[in-house]
Amino acid sequence: MSLAFPALEERIRRKRTRTEAAIADGEHEVRGLEGECEETTRIKEASIRGHIRTHSAHLQNHARQLLEVQELASPDDQIEAFDRERFERWFRRFSAIDDPRLREKLWKLIPDSLFKRIQEAVCRDYVVPSYRSVKDDRIHFDPRPQFDRIGPGPCLVSADLLNEHMLETLGIETFEPRMTAIERLRRKHDAIPTFKETLASTRQIDPNVGRLHVVVAPRPGEASYGKTGPRPEAIGKILLFAEDVAGTQANGQRKQRMQVLDAYGVYRKTRHEEACYESEVAKLERLKQRLGLQNRRLNTLTRDTPPDNRRTIEEEAKTELATVAKELQTSIDICKRMACVRIDRHSDLCAEVRGRRIPNISAAMASMVGAINDLQRRFERTRPKNTANTDDRQLIHQQIEHGEAVMESYRTQLQARAEPLMRLAKAAVFHPPRAGEPLFPDRNVTGVERRMKELIDPKELETLLVAPFSTFARKILSLHAELPQALESRDGQRFNETLVKMHVVGKIQEVSRCLENLRIELLTPERVLLSRVRESVAGVRALFETLQVRPDIVVESYTSAFAHVCALLKRIETAVTAALQGGDCALSDNPALGDLLSDLLDIDLEAIVRGLDQPPPAAAETLDETPQQVGTAATGGEGEGPAA
Numbered sequence: 001m002s003l004a005f006p007a008l009e010e011r012i013r014r015k016r017t018r019t020e021a022a023i024a025d026g027e028h029e030v031r032g033l034e035g036e037c038e039e040t041t042r043i044k045e046a047s048i049r050g051h052i053r054t055h056s057a058h059l060q061n062h063a064r065q066l067l068e069v070q071e072l073a074s075p076d077d078q079i080e081a082f083d084r085e086r087f088e089r090w091f092r093r094f095s096a097i098d099d100p101r102l103r104e105k106l107w108k109l110i111p112d113s114l115f116k117r118i119q120e121a122v123c124r125d126y127v128v129p130s131y132r133s134v135k136d137d138r139i140h141f142d143p144r145p146q147f148d149r150i151g152p153g154p155c156l157v158s159a160d161l162l163n164e165h166m167l168e169t170l171g172i173e174t175f176e177p178r179m180t181a182i183e184r185l186r187r188k189h190d191a192i193p194t195f196k197e198t199l200a201s202t203r204q205i206d207p208n209v210g211r212l213h214v215v216v217a218p219r220p221g222e223a224s225y226g227k228t229g230p231r232p233e234a235i236g237k238i239l240l241f242a243e244d245v246a247g248t249q250a251n252g253q254r255k256q257r258m259q260v261l262d263a264y265g266v267y268r269k270t271r272h273e274e275a276c277y278e279s280e281v282a283k284l285e286r287l288k289q290r291l292g293l294q295n296r297r298l299n300t301l302t303r304d305t306p307p308d309n310r311r312t313i314e315e316e317a318k319t320e321l322a323t324v325a326k327e328l329q330t331s332i333d334i335c336k337r338m339a340c341v342r343i344d345r346h347s348d349l350c351a352e353v354r355g356r357r358i359p360n361i362s363a364a365m366a367s368m369v370g371a372i373n374d375l376q377r378r379f380e381r382t383r384p385k386n387t388a389n390t391d392d393r394q395l396i397h398q399q400i401e402h403g404e405a406v407m408e409s410y411r412t413q414l415q416a417r418a419e420p421l422m423r424l425a426k427a428a429v430f431h432p433p434r435a436g437e438p439l440f441p442d443r444n445v446t447g448v449e450r451r452m453k454e455l456i457d458p459k460e461l462e463t464l465l466v467a468p469f470s471t472f473a474r475k476i477l478s479l480h481a482e483l484p485q486a487l488e489s490r491d492g493q494r495f496n497e498t499l500v501k502m503h504v505v506g507k508i509q510e511v512s513r514c515l516e517n518l519r520i521e522l523l524t525p526e527r528v529l530l531s532r533v534r535e536s537v538a539g540v541r542a543l544f545e546t547l548q549v550r551p552d553i554v555v556e557s558y559t560s561a562f563a564h565v566c567a568l569l570k571r572i573e574t575a576v577t578a579a580l581q582g583g584d585c586a587l588s589d590n591p592a593l594g595d596l597l598s599d600l601l602d603i604d605l606e607a608i609v610r611g612l613d614q615p616p617p618a619a620a621e622t623l624d625e626t627p628q629q630v631g632t633a634a635t636g637g638e639g640e641g642p643a644a
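The letter at position 264 of the sequence shown is residue 264 when you use the working numbering, and the numbering goes up by one with no holes.
Any given hint could turn out to be false.
Stated by the list, open to error - Below 20 Å or equal to it, Euclidean Cα-Cα: the simulated EDC-like pairs (lysine to aspartate or glutamate) are:
id	residue 1	residue 2
1	K459	E408
2	K459	E401
3	K255	E164
4	K269	D391
Keep in mind that the hints were calculated from the coordinates and are not lab data.
Turn these sequences into a full structure, and let the hints guide you.
Printed below as a string of structure tokens:
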């Protein structure tokens with residue numbers, strides 16, 4: 001990640017100050033050469049003058065960098081792209097409002113919407129619709145806007161707040177490891193228009209849950225923020241907004257985090273956060289109980305308590321307070337930090353009085369009660385977040401269940417009815433037209449298309465909006481659209497190949513589901529046995545290698561596209577089998593096998609599917625290479641792949 005604009009400007013200013021000091025020192029050295037011999041003076045002065053020229057060049061470079069950073073930080077180009085006259089008429093910038101209380105009041109009036117969440121996530125200078133004050137110090141937006149329809153257009157996105165991984169996931173921009181901070185900022189700045197256009201192509205998954213938005217392809221003829229629409233990699237991706245627990249923005253407003261994930265990624269994240277919540281609740285309860293116990297024990301001390309008993313209770317209390325403070329000292333939450341300060345201040349059961357620390361158990365007990373209240377406040381603040389997290393998990397789980405059910409149903413239907421479809425196509429293709437009839441008689445067109453729709457109706461696939469299901473569904477739908485074209489051109493070979501390709505894509509979705517189950521299991525490798533890994537890998541290999549539609553039809557282009565995946569699966573299965581010779585054990589005991597599984601789970605099946613049937617790029621990488629189609633003369637078709 002590159003530096004934020006303010007931090008980067010400060011760093012450049014510090015460099016410029018050091019460079020100016022170096023130049024001043026050089027000039028001072030030159031003046032100090034007077035009195036030395038002429039030859040020595042000439043040599044030293046030439047050297048110092050060279051250093052001064054070098055530092056002067058650095059100074060000019062720092063000035064250019066500072067100017068460029070300031071230009072990159074300016075939102076003027078975004079205002080111009082939106083239309084400055086329209087922007088100044090309908091919106092107001094927070095930077096032009098001096099009263100912080102007014103800014104806070106205005107922001108609270110804006111309901112949770114994409115317009116608001118975008119600004120809390122990636123904007124430094126917020127904008128609000130034009131407003132006017134009425135009596136009783138009330139504020140009205142004039143005219144009353146529809147916030148759910150404003151979109152990202154007027155939002156002044158700050159390039160330094162854009163996440164590089166997010167931009168790469170959306171297919172907007174790429175970043176090389178050796179790029180400088182300014183080069184990264186420049187690329188982020190140039191990516192803002194496409195980023196806004198992608199955000200404008202989102203819709204809420206559920207009208208009642210504003211934290212989850214999915215990127216959808218614009219409908220034909222539908223206007224979008226820009227001209228090109230979202231990148232293919234972005235369609236189906238989910239934007240997950242969540243309040244950042246690390247604090248607020250520099251302008252004092254709440255801070256949001258925006259993550260780009262697919263459905264499985266959102267489910268894993270919410271599941272992990274729920275586990276973290278349960279762990280934190282247990283920890284908070286444990287700490288409260290420990291503090292409460294020590295508080296009650298200290299409260300039993302009286303003047304009549306034997307010295308030995310008093311000493312034992314006090315030493316145990318000191319030990320417990322020190323332990324609790326140590327558990328809380330790395331916390332970033334304000335409630336936990338306050339509890340830690342209270343406990344640490346009286347961990348020796350003393351209080352500071354007039355610059356001296358004297359024993360004061362009452363003050364320590366009061367501080368412990370305050371710490372317990374702080375931990376309780378933390379619990380109360382966390383509970384609503386967990387409720388939202390649970391809602392997100394349940395909603396995305398419904399999307400996953402729906403996506404898997406639709407894809408499995410369609411694949412099963414296609415597998416069962418592929419042979420009747422092929423016979424239907426053969427009859428239609430080879431039925432000779434009568435004299436004067438068109439190449440494909442209307443009665444055959446009507447009958448074939450009606451019967452084909454009865455056998456496989458892809459309409460349900462159009463309901464899949466979230467990735468990875470939407471990626472596989474779009475590919476199947478595009479292939480389905482080729483079936484009537486194959487019939488019109490009387491190309492039976494193409495018709496049969498297309499059916500096989502559709503089934504292959506359906507199988508890849510099932511592979512994706514199996515790998516996701518394995519990915520979830522590997523979150524706790526110490527609990528996963530090698531026998532379980534072999535079972536999972538064998539199941540995935542069977543999906544790749546079993547030809548379920550027409551064993552005599554092999555689509556070589558699809559087979560070669562997944563050759564790397566099949567080879568890796570075979571290596572993993574061989575390694576697991578060898579490891580099991582010494583007996584079953586946990587995966588965590590075999591780091592090398594864990595690395596192989598990580599390589600498998602890092603493969604982007606969606607990217608491979610998107611590249612199928614596409615012309616290969618000029619310089620393709622091994623995994624993403626799009627193989628050219630190769631025909632097979634023996635069967636009159638191309639291979640079902642993927643097959644090992």
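Exercise for the section: Taking the numbered hints from earlier one at a time, note which ones the structure violates and give those numbers from smallest to largest. Expected result: Nothing - there is no hint that the structure violates, so all of them hold.
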